[in-house]
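Residue numbers (the numbering used here), protein chains in the order written: chain R, 61 to 380; chain F, 61 to 380.
Treat the hints with care, as some may be off.
Copies of the same chain look alike in the list, so a pair counts if it fits in one copy or across any two.
Calculated lysine to any residue pairs in the SDA-like style (CA-CA distance at most 25 Å, straight line) [claimed, not checked]: (1) K85 to H113; (2) K162 to G183; (3) K281 to I294; (4) K165 to S145; (5) K370 to G317; (6) K147 to P275; (7) K131 to L101; (8) K165 to N343; (9) K370 to M204; (10) K177 to D150; (11) K370 to R201; (12) K165 to P342; (13) K321 to E369; (14) K161 to T185; (15) K177 to A287; (16) K147 to E166; (17) K246 to A287; (18) K321 to N343; (19) K161 to G374; (20) K161 to P342; (21) K246 to R260; (22) K255 to D356; (23) K177 to R260; (24) K148 to R181; (25) K327 to F367; (26) K255 to I164; (27) K370 to F319; (28) K370 to D356; (29) K246 to P275.
Honestly, the hints are just simulated from the structure, not real lab data.
Number of protein chains: 2
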Amino acid sequence: MIDEEILLVLKSSNDGYVSGEELSKTAGLSRAAIWKRVESLRNEGYDIEASPHLGYRLLGVPDSLIPSEIKWSLKTRTLGREVISYKKIDSTNTAAYDMAKKGIKEGVVVVADEQTKGRGRLGRTWASPARGGVYLSCILRPAMSPGEVPKLTLAASISVAKTIREVSGLTAVIKWPNDVLINSKKVSGILLEMKAEQDRLDFVIIGIGINVNTPLKLLPKIGTSIAGELGEEISRIKLTQVLLENLEANYRLVTNGDFSKVIDEWKDLTDMLGSRIRITLPNREFEGQAIDVDSDGTLLVRLDNGFIEKIFSGDVRLLR
Amino acid sequence: MIDEEILLVLKSSNDGYVSGEELSKTAGLSRAAIWKRVESLRNEGYDIEASPHLGYRLLGVPDSLIPSEIKWSLKTRTLGREVISYKKIDSTNTAAYDMAKKGIKEGVVVVADEQTKGRGRLGRTWASPARGGVYLSCILRPAMSPGEVPKLTLAASISVAKTIREVSGLTAVIKWPNDVLINSKKVSGILLEMKAEQDRLDFVIIGIGINVNTPLKLLPKIGTSIAGELGEEISRIKLTQVLLENLEANYRLVTNGDFSKVIDEWKDLTDMLGSRIRITLPNREFEGQAIDVDSDGTLLVRLDNGFIEKIFSGDVRLLR
Numbered sequence: 061m062i063d064e065e066i067l068l069v070l071k072s073s074n075d076g077y078v079s080g081e082e083l084s085k086t087a088g089l090s091r092a093a094i095w096k097r098v099e100s101l102r103n104e105g106y107d108i109e110a111s112p113h114l115g116y117r118l119l120g121v122p123d124s125l126i127p128s129e130i131k132w133s134l135k136t137r138t139l140g141r142e143v144i145s146y147k148k149i150d151s152t153n154t155a156a157y158d159m160a161k162k163g164i165k166e167g168v169v170v171v172a173d174e175q176t177k178g179r180g181r182l183g184r185t186w187a188s189p190a191r192g193g194v195y196l197s198c199i200l201r202p203a204m205s206p207g208e209v210p211k212l213t214l215a216a217s218i219s220v221a222k223t224i225r226e227v228s229g230l231t232a233v234i235k236w237p238n239d240v241l242i243n244s245k246k247v248s249g250i251l252l253e254m255k256a257e258q259d260r261l262d263f264v265i266i267g268i269g270i271n272v273n274t275p276l277k278l279l280p281k282i283g284t285s286i287a288g289e290l291g292e293e294i295s296r297i298k299l300t301q302v303l304l305e306n307l308e309a310n311y312r313l314v315t316n317g318d319f320s321k322v323i324d325e326w327k328d329l330t331d332m333l334g335s336r337i338r339i340t341l342p343n344r345e346f347e348g349q350a351i352d353v354d355s356d357g358t359l360l361v362r363l364d365n366g367f368i369e370k371i372f373s374g375d376v377r378l379l380r
Numbered sequence: 061m062i063d064e065e066i067l068l069v070l071k072s073s074n075d076g077y078v079s080g081e082e083l084s085k086t087a088g089l090s091r092a093a094i095w096k097r098v099e100s101l102r103n104e105g106y107d108i109e110a111s112p113h114l115g116y117r118l119l120g121v122p123d124s125l126i127p128s129e130i131k132w133s134l135k136t137r138t139l140g141r142e143v144i145s146y147k148k149i150d151s152t153n154t155a156a157y158d159m160a161k162k163g164i165k166e167g168v169v170v171v172a173d174e175q176t177k178g179r180g181r182l183g184r185t186w187a188s189p190a191r192g193g194v195y196l197s198c199i200l201r202p203a204m205s206p207g208e209v210p211k212l213t214l215a216a217s218i219s220v221a222k223t224i225r226e227v228s229g230l231t232a233v234i235k236w237p238n239d240v241l242i243n244s245k246k247v248s249g250i251l252l253e254m255k256a257e258q259d260r261l262d263f264v265i266i267g268i269g270i271n272v273n274t275p276l277k278l279l280p281k282i283g284t285s286i287a288g289e290l291g292e293e294i295s296r297i298k299l300t301q302v303l304l305e306n307l308e309a310n311y312r313l314v315t316n317g318d319f320s321k322v323i324d325e326w327k328d329l330t331d332m333l334g335s336r337i338r339i340t341l342p343n344r345e346f347e348g349q350a351i352d353v354d355s356d357g358t359l360l361v362r363l364d365n366g367f368i369e370k371i372f373s374g375d376v377r378l379l380r
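Hey, can you work out the whole structure from these sequences and the hints?
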């Protein structure tokens, strides 16, 4: 449990220093109690200087997915206004699903520093080592039908690619439907899960895993991390904030009926259209040219016989 | 717990009578133990004659949703091969959903004689009094995407209408998407609920409530029951069996790619096409003529300005 009140006072100070007396007054606690709380913040990784004359000063915050750090200066209306954080969990999607089933409200985000059972699409695993990843799940309750969920998949994938470009400058590209790649290696995966009736969603969980500062040796061969490509680490907190801001904006485009803007942005962020691809479906495999994304989020592929096939889901490999 | 072994022997007897000795031998129990089990079957509503000279004879079975009675002579491959029965439960759909989430296999059916929190579409309640209804939920795991679920809604509704016609002779008709009416009054409701990823279902629960022998005074004004329309009670067991058989057959049509047959049958079982209807959506209301059901299960409505609108979900009222 992070002492958000004391942090807020330290962060808001103009010259950096806040006297013990001032902290006592604001928090309504004894100076001994303040000292104890500062100690516990230090244990969480906060670098706090204590000067006998000047008072306390915040020198550094840990790059850990602490709710108060994520929420600090976060520019969203609902997404991430409540963050539930775990050092280690089986799967943030599983936890978020169970919370949503119990009625938790839209916008709550579950984050973890490590997943022991990280999951990907189609029952696959998602490597979620403790060092350097961001694993988060957003609980949303859009008024839409189950058939419209591919729109959210596209909205999530452009949010991830755009966020990586913004915070690292690296050219992240989208591979349909929802992988994000840097230099042809996978840096992020997205797993949407939902509970629904025949004609309306109860809730949808958008689960996103990003290899941010993850050492490459902890990742599968086809994977990479932002730090691995950039050569230096970046702030996981900052990335999480930008991601939530982008995701909220794109989510609103979908729910407000502006999905065409999502499609346009998706096309800007993929290098796939025009390319020759191989598509693997549960029951068959074929090649063709990826020509467009349709208004419902499906991929349009021109087969060698000239026919155009609409692809709802499947695994895609670029042949080039 | 019903003693299925003893019932099986009694039902299989040619002349009706089975000696206590024979029953003892088959079950590997003492004659005193057999007597005790027969008593417990009587308490469940079985009418069993015990003649000192001829032995035991089954004269009648209770019209209660007992798994062994449902399974007895049931002609399905998977659906209802396992039945979980409750005298009273909050909601069979809720129970089935939780079982499916824990991994229970396709085909399991949850039935109840009474629901205390019967649910309908869009958060509505479904009156589920103890006397005379059939409330059941089928656990299915089709390899399809969430957007295809409207196909299952149509398959379920034709199964219900056909079953009522077969067992009662009454002209049950379908009102899109999934109400079944007799003489313009609602006799059945269907609620599909699913857990899914973006591109595949994990499972879907098909929940069906039918007012079979329910006294009309226990039902809402707009509702009716089969017995209420027919003037006599029918076997709930028989209806349940025919329903499961029809549902399995139509489910296979959907999963085998023969959905056009489901649509054809749906058109035969509705009196709605060609009629003037009023459609209520969450955000608007309009009138038009119901002209067809599209290949994906959506309703096509011709508006007064000549435009044709595709309706995914909503409330429909026939105006005529």
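Do the hints match the structure? See the list:
1. K85 to H113: Cα proximity of K85 and H113: one copy only (17 Å, versus 95 Å across).
2. K162 to G183: Both, since 24 Å and 15 Å are each at most 25 Å.
3. K281 to I294: Result: close within a single copy only, 22 Å intra versus 65 Å inter.
4. K165 to S145: Within one copy, since 16 Å is at most 25 Å while 34 Å is not.
5. K370 to G317: Result: close both inside a copy and across copies, 22 Å intra and 16 Å inter.
6. K147 to P275: within (18 Å within a copy, 57 Å between copies)
7. K131 to L101: within (17 Å within a copy, 63 Å between copies)
8. K165 to N343: between (39 Å within a copy, 22 Å between copies)
9. K370 to M204: both (22 Å within a copy, 15 Å between copies)
10. K177 to D150: Answer is within; shortest intra-copy Cα gap is 5 Å, inter-copy 33 Å.
11. K370 to R201: between (27 Å within a copy, 24 Å between copies)
12. K165 to P342: Only across copies: K165 and P342 sit 20 Å apart there, 35 Å inside one copy, limit 25 Å.
13. K321 to E369: both (23 Å within a copy, 23 Å between copies)
14. K161 to T185: Result: close both inside a copy and across copies, 23 Å intra and 19 Å inter.
15. K177 to A287: Only inside one copy: K177 and A287 sit 23 Å apart there, 53 Å across copies, limit 25 Å.
16. K147 to E166: Within one copy, since 23 Å is at most 25 Å while 36 Å is not.
17. K246 to A287: Within one copy only: 13 Å inside a chain, 62 Å across chains, cut-off 25 Å.
18. K321 to N343: between (33 Å within a copy, 23 Å between copies)
19. K161 to G374: Answer is between: at 24 Å across copies they meet the 25 Å cutoff, but 28 Å inside does not.
20. K161 to P342: between (30 Å within a copy, 23 Å between copies)
21. K246 to R260: between (33 Å within a copy, 22 Å between copies)
22. K255 to D356: Close inside one copy (20 Å) and across copies (21 Å); limit 25 Å.
23. K177 to R260: Cα proximity of K177 and R260: across copies only (20 Å, versus 29 Å in one copy).
24. K148 to R181: within (21 Å within a copy, 38 Å between copies)
25. K327 to F367: within (22 Å within a copy, 31 Å between copies)
26. K255 to I164: both (13 Å within a copy, 17 Å between copies)
27. K370 to F319: both (18 Å within a copy, 18 Å between copies)
28. K370 to D356: Answer is both: 10 Å inside a copy and 14 Å across each meet the 25 Å cutoff.
29. K246 to P275: For K246 and P275, the Cα distance is within 25 Å only inside one copy (14 Å; across copies 62 Å).
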